[in-house]
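Listed below are the residues making up each chain.
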Amino acid sequence: MSAPSDLEALETRLSVGIKAAPDLAALDALRVNALGKKGEVSLKMRELGKMSPEERQVMGPALNGLKDRLNTLVTCRKTVLEDAVLNAALDSETVDVTRPVSHQARGSLHPVGQVMEELAVIFADMGFAVAEGPDVEDDFHNFTALNFPSNHPARDAHDTFFLKSAEGETSKLLRTHTSPVQIRAMMNKKPPIRIIAPGRVYRRDWDQTHTPMFHQVEGLVIDEDTHMGHLKGCLMDFVSTFFETDLVEARFRPHHFPFTEPSAEMDVRYESVGNAVKIGSGDKWMEVLGCGMVHPNVIRSCELDPEIYQGFAFGMGVDRLTMLKYGMPDLRPFFEPDSRWLSHYGYSPLLQANLATGLS
Amino acid sequence: MKLTYSWLKKHLATDLSLDQLEEAMTMAGLEIENIDNPAGRLAAFTVAHVKDARPHPNADRLRVCMVETRDGVKQIVCGAPNARAGMTAIYAPLGAYIPGLDLALDRKPRNIRGVKSHGMLCSPRELESGEDHDGIADLSGDWAVGTPAAEALGLDDPIIDFEVTPNRPDWLGVHGIARDLAAAGAGMLKTGRVPAVSGGFPCPVTVKLDWANACPIFAGRVIKGVKNGPSPGWLQQYLKAIGIHPKNLLVDVTNYIAFDRARPLHVYDLDKIGEVIYVRKGGGKPDAHEGLDAKIYTPEPEHCVIADDERPLGLGGIMGGAYSGCSDETTDIFLESAWFDPGIIRKSARELGIDSDAKHRFERGVDPEGLTDGIELATAIILEYAGGKASDLTVSGQAPARPPDIAFDPSRVKRILGFDPGESRIKTILTSLGFGVIEGDIWTVSAPSWRRDCLQAADLIEEIARIAGFDSLPAAPFRRPEGGRFRAPATELQNRIRTARRAAAHRGYQEAITWSFCHHDQAGLFGGTGEGLELANPISSELNVMRPSVLIHLITNIQKSTDRGLEDERYFEAGPIYLNDTPGGQETVVAAARRVVAARDWRYARTPDVFDIKADAQSLLEAVGVPVKNQQVTTEVRDWWRPGRAGVLRLGPRVLAEFGEIHPRVLKALDIDSCILAFEVFLNAIPMTRKKSLKARTALQLPDLMPVRRDFAFLVENTAAACDLIKAVKSVDKHLITDVKLFDVYEGQGVPENQISLALEATLQPTRTPLTDKDIEAVSAKIINAAEKVGAVLRG
Chain B
1 MSAPSDLEAL
11 ETRLSVGIKA
21 APDLAALDAL
31 RVNALGKKGE
41 VSLKMRELGK
51 MSPEERQVMG
61 PALNGLKDRL
71 NTLVTCRKTV
81 LEDAVLNAAL
91 DSETVDVTRP
101 VSHQARGSLH
111 PVGQVMEELA
121 VIFADMGFAV
131 AEGPDVEDDF
141 HNFTALNFPS
151 NHPARDAHDT
161 FFLKSAEGET
171 SKLLRTHTSP
181 VQIRAMMNKK
191 PPIRIIAPGR
201 VYRRDWDQTH
211 TPMFHQVEGL
221 VIDEDTHMGH
231 LKGCLMDFVS
241 TFFETDLVEA
251 RFRPHHFPFT
261 EPSAEMDVRY
271 ESVGNAVKIG
281 SGDKWMEVLG
291 CGMVHPNVIR
301 SCELDPEIYQ
311 GFAFGMGVDR
321 LTMLKYGMPD
331 LRPFFEPDSR
341 WLSHYGYSPL
351 LQANLATGLS
Chain P
1001 MKLTYSWLKK
1011 HLATDLSLDQ
1021 LEEAMTMAGL
1031 EIENIDNPAG
1041 RLAAFTVAHV
1051 KDARPHPNAD
1061 RLRVCMVETR
1071 DGVKQIVCGA
1081 PNARAGMTAI
1091 YAPLGAYIPG
1101 LDLALDRKPR
1111 NIRGVKSHGM
1121 LCSPRELESG
1131 EDHDGIADLS
1141 GDWAVGTPAA
1151 EALGLDDPII
1161 DFEVTPNRPD
1171 WLGVHGIARD
1181 LAAAGAGMLK
1191 TGRVPAVSGG
1201 FPCPVTVKLD
1211 WANACPIFAG
1221 RVIKGVKNGP
1231 SPGWLQQYLK
1241 AIGIHPKNLL
1251 VDVTNYIAFD
1261 RARPLHVYDL
1271 DKIGEVIYVR
1281 KGGGKPDAHE
1291 GLDAKIYTPE
1301 PEHCVIADDE
1311 RPLGLGGIMG
1321 GAYSGCSDET
1331 TDIFLESAWF
1341 DPGIIRKSAR
1351 ELGIDSDAKH
1361 RFERGVDPEG
1371 LTDGIELATA
1381 IILEYAGGKA
1391 SDLTVSGQAP
1401 ARPPDIAFDP
1411 SRVKRILGFD
1421 PGESRIKTIL
1431 TSLGFGVIEG
1441 DIWTVSAPSW
1451 RRDCLQAADL
1461 IEEIARIAGF
1471 DSLPAAPFRR
1481 PEGGRFRAPA
1491 TELQNRIRTA
1501 RRAAAHRGYQ
1511 EAITWSFCHH
1521 DQAGLFGGTG
1531 EGLELANPIS
1541 SELNVMRPSV
1551 LIHLITNIQK
1561 STDRGLEDER
1571 YFEAGPIYLN
1581 DTPGGQETVV
1591 AAARRVVAAR
1601 DWRYARTPDV
1611 FDIKADAQSL
1621 LEAVGVPVKN
1631 QQVTTEVRDW
1641 WRPGRAGVLR
1651 LGPRVLAEFG
1661 EIHPRVLKAL
1671 DIDSCILAFE
1681 VFLNAIPMTR
1691 KKSLKARTAL
1701 QLPDLMPVRR
1711 DFAFLVENTA
1721 AACDLIKAVK
1731 SVDKHLITDV
1741 KLFDVYEGQG
1751 VPENQISLAL
1761 EATLQPTRTP
1771 LTDKDIEAVS
1781 AKIINAAEKV
1791 GAVLRG
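Chains B and P supply the protein sequences, listed in that same order.
Everything in the first sequence is counted per this note's numbering, starting at 1 for the first residue and increasing by one.
Everything in the second sequence is counted per this note's numbering, starting at 1001 for the first residue and increasing by one.
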């Protein structure tokens, strides 16, 4: 039979122990010793059954109170001890986060590819699809159908690469311009036709400003009513969108291409800013492209009737446009991969030219 | 071609300034390449009078001159021996740039041995206007102080250099340009037909045209008693200005007529030719002769020869022979003005390897009706400056017919140009250019003899646009065809290329663009040059075939980068490979290559291997629509891959990509000193996706039940393919086993020799009822059983 005074002594003893528990293991041992199944408080609770109802009324609440207070003490002590453990860990488990980490290598896209995509976006908005043709062409598509008569001086401007041919066969050649795609487009599809054809072209020329391979983009519109005013409107809009300026002042200068008539070269007013150009101001004219109304002989070559069908064509050097817009001083590194050049002038793969977010 | 301002003005009455003339020529279609205007270059220099010249007090060779200049009287110290009082000299003010010395004078007077000098008196060389003789320029004539130096030196004639397009041979003469500029409103044409010189005796030379296709008409004349010698100053000056060195009058006159009238002529020494001259086909070896350029030519039957009964005299329309050419001693001459067929000239000149001003004109088409103008003009100049007596003109044959008249509907002008100048303006333009016009519903238009390029209505419309001015054509908006929704025009292959480029760059590769051609031996290492893809005239012997693989230049450029001290270069290219010379023989591939460089990193230093490049290739394929789980891997690779360290990614029979280490023997042949990892993805081989009518995806069904994962370790022969085991395990129950992962590979202690242990984790995903232990045991048993069938034994 215990008296409340015994309980007081018990509580004092256990409390002191819990409060002084040095670590979590000791605390748990003390908890088990006091409140576990066979703990001192639990044993006293068992004795309640043997008590008289009056005694029970006194001792019951006293024991329960004791149990609650000890539990609280244990929890408090546990929090303090856990904090201490964590703080010790925080103090000891540090690393030097200033050490550099290695990153995945950064890739880039070639500026010519970027400009080709810009061209595709701008012309898609005007209803042009992108067409392609082979680099290895025949005389018909590269010259004859484009109204370059055989044995004509107009062919001299194209320093043509020929492929070796078997005895008696006509030589194939590397296309000297993207214009053969015009012929392929007209022979494969009934008008209306609106295409641009970007791609590799080849001429036998290698110096400061020429490489034996370079890029052109061709444009072709064939329908029943597109005229030279549309040609001017289309190309002026193109230049203004491509160079991202409202101030395009263009000049269409008569020229000669066998496959267009009238033929023109388009100049834009510009001033030099470092290696790049500023379009729309300045006192110099710069040629940006060649264009014209498709020659009736070309339309006839494609078995269409030039009395019914007409349209315009244009062609421009993609590498040169790239140099002008993005300020590369020299053409040659375009085709001699060097990671430093590619990093400097290249584009992030996360960007994609489009009309909503901008070209570049 | 070049002309000078004053030469043009000889034919064109115009008050256009040089700038306006440049604009007028440009807008007529003559592309100006350069204008050299000495007057502009010498603007700082003016005429001055030397009033007084005394010896320098402190220097024997110097003089102190008092000079009257446009800036007042200046004291100038001068070292020229010819400096003297009373002379007319050229004065350069302080600060002027002296072109011949490439330096600018100080802006402040210079102290020369104690005497101040306020400028400079210049020599011709210092002005880049001639050679020095006795020192400073000593002008004769009565030039006022302040006269521009260019004027006093006779250098005030700007030289215009321009490009003539091949359709306009009439622009290869100054007269033709003046005629065109006059039509464009830039002035009045002053010169027209040339008056005939009346002959004093019959022409003693007979011309026989034995090959009328090559030479249908030939005009000739003899001049006797000529005294050949230097040309007059004006003629020499014109020729010098356009870069032709004057020789003697007879040669200079033919050059002059070629550039003034686009009319090539030839002069024979009458003593060296027979009485009958033949224009005929070449006869091979017997016709071999020395040309005026001192080279031997052997004209064949498809080349045109001028000959007499004795010998060949020259290549018709291309180059005269050395034997019958004129010298300073020549007194009697035969003058030729003929018309040669452009195609035959071009073919002959190309096959014989000659270029000449005559050939340049004849192959483009000389005005067949300008024969007599050319020869009469030449005769008049020769008679005036070299004397002599001219024979009658003899003309053999007939000028080729003009091209047929053009039926022209003037309403087509508006249809093509989008602009209607009106019928009367159209007529004015055509007639001002020399066209004959008969109006009607459909007009009949005849082209002038010098415009043999005009054959159809489009040619006339071009002329109308050109003269009306391209700037007067209104620009019309050009929009997407109306009434339709926007349809993205890119094809699936184009989009694949776009995506593949981004995927490769995202994996750390830099996009390169390299030559489509490579060396024959390089191609040989990568499967060989395709049928018909060897270049007949390569730009360099290193680039003589079309490439069969994009890897060649990527790999060699990695080596170049390494040689420059760069590390860990990773390049890719999306570009063509060439399999044969047909239109379908070109494919687009995306290839990438990197060097095996051990990563140096304080956390984990790994050396990249075939599995890194495999991951790159697989992720690229996944990006373009082939999920990794569908990609099959096989190990039979082509010759340039290292066996056992390279593989093929495929969909059944379709080869989508190859990856791995490049074969060490290939690397050695390419002079590559490191190990290279590479892949090549064949975009054309990937099946096109089927077009779906709806973009909506199937409903997503997520199982409510937890997946269960079980590990198995199997022993297999170390030559076994892991993918076979994985495939066997997966196929035990394709619905239940949703994933099989290889999470460990082990060999060594505890594993028998020549065997390896492959540890797999299988994910079992129940769909309707949870898996019981019994279920799992049953599946495990099946897995072990399936593994045994491919030679794998559960590790005990």
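Mixed in with the good hints, there may be bad ones.
To be verified - Cβ pair distances, simulated, as ranges:
(1) K1692(P) x D283(B): 45 to 51 Å
(2) V16(B) x A1759(P): 53 to 59 Å
(3) H210(B) x M1188(P): 57 to 63 Å
(4) A1401(P) x V273(B): 53 to 59 Å
(5) R1107(P) x G282(B): 43 to 49 Å
(6) K38(B) x V1751(P): 36 to 42 Å
If you are wondering where the hints come from, they were derived from the structure by calculation, not from laboratory data.
Just so it is clear, the structure is predicted and the values come from calculations on it, not from any experiment.
Note that the Cβ used here is the ideal one computed from N, Cα and C, for glycine as well.
A quick look at each hint next to the structure:
1. For K1692(P) and D283(B), the Cβ-Cβ distance of about 57 Å falls outside the hinted range of 45 to 51 Å, so the restraint is violated.
2. Range check, V16(B) to A1759(P): Cβ separation about 55 Å, and the 53 to 59 Å hint holds.
3. In this structure, H210(B) and M1188(P) break the distance hint of 57 to 63 Å, their C-beta atoms being roughly 42 Å apart.
4. Range check, A1401(P) to V273(B): about 57 Å between beta-carbon atoms, so the 53 to 59 Å window is met.
5. Between R1107(P) and G282(B) the beta carbon distance is about 29 Å. The supplied range of 43 to 49 Å is therefore violated.
6. K38(B) and V1751(P) have their C-beta atoms about 52 Å apart, which leaves the hinted 36 to 42 Å range violated.
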